[in-house]
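Asker: Sequence:
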Amino acid sequence: MMKKHLTLAVFALIFIGLGVVFYSFNPQNSSYFWKCPIYYFTGYLCPGCGSQRAIHELLHLNIKKAFEYNALFVTVTPYVILAIVLNTKPLRNYFPKTRKLFFNPQAILVLLGIAVVFSVYRNI
Numbered sequence: 024m025m026k027k028h029l030t031l032a033v034f035a036l037i038f039i040g041l042g043v044v045f046y047s048f049n050p051q052n053s054s055y056f057w058k059c060p061i062y063y064f065t066g067y068l069c070p071g072c073g074s075q076r077a078i079h080e081l082l083h084l085n086i087k088k089a090f091e092y093n094a095l096f097v098t099v100t101p102y103v104i105l106a107i108v109l110n111t112k113p114l115r116n117y118f119p120k121t122r123k124l125f126f127n128p129q130a131i132l133v134l135l136g137i138a139v140v141f142s143v144y145r146n147i
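Read left to right, the sequence shown gives residues 24 to 147 (my numbering).
What you were told as hints is all true, and nothing was included just to trick you.
Below, computed lysine-lysine pairings styled on DSS-like, alpha-carbon distance capped at 25 Å:
id	residue 1	residue 2
1	112	123
2	112	27
3	26	112
4	58	88
5	58	87
These are computed hints drawn from the structure, not numbers from a lab.
Please construct the entire structure, taking both the sequences and the accompanying hints into account.
Answerer: Structure (structure tokens):
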């Protein structure tokens, strides 16, 4: 039980620390942040390109600007957060149909398809 709480505390501290970094420093103007290797080597934007800037803008409650940087990230973030929450041990058994909707193979394929279409569209 203690190990579980320690793991949770470590993840929470990492999450909070990253939040402070993303809030404090603008990825567009800072050299602290990594650059996308796909964009660097190919010149094409991947589905994740702009996510760091979008996180920065979301933390500053600038949703419109975040959406401009990466619409897919802004749109999918609530889905991912809800999926993580529903997969926690206390809630796992309370919403079986909803969990099945989030984690079935068709849902994963739909998300993958959306990411591919988004990636192609933003590079046209």
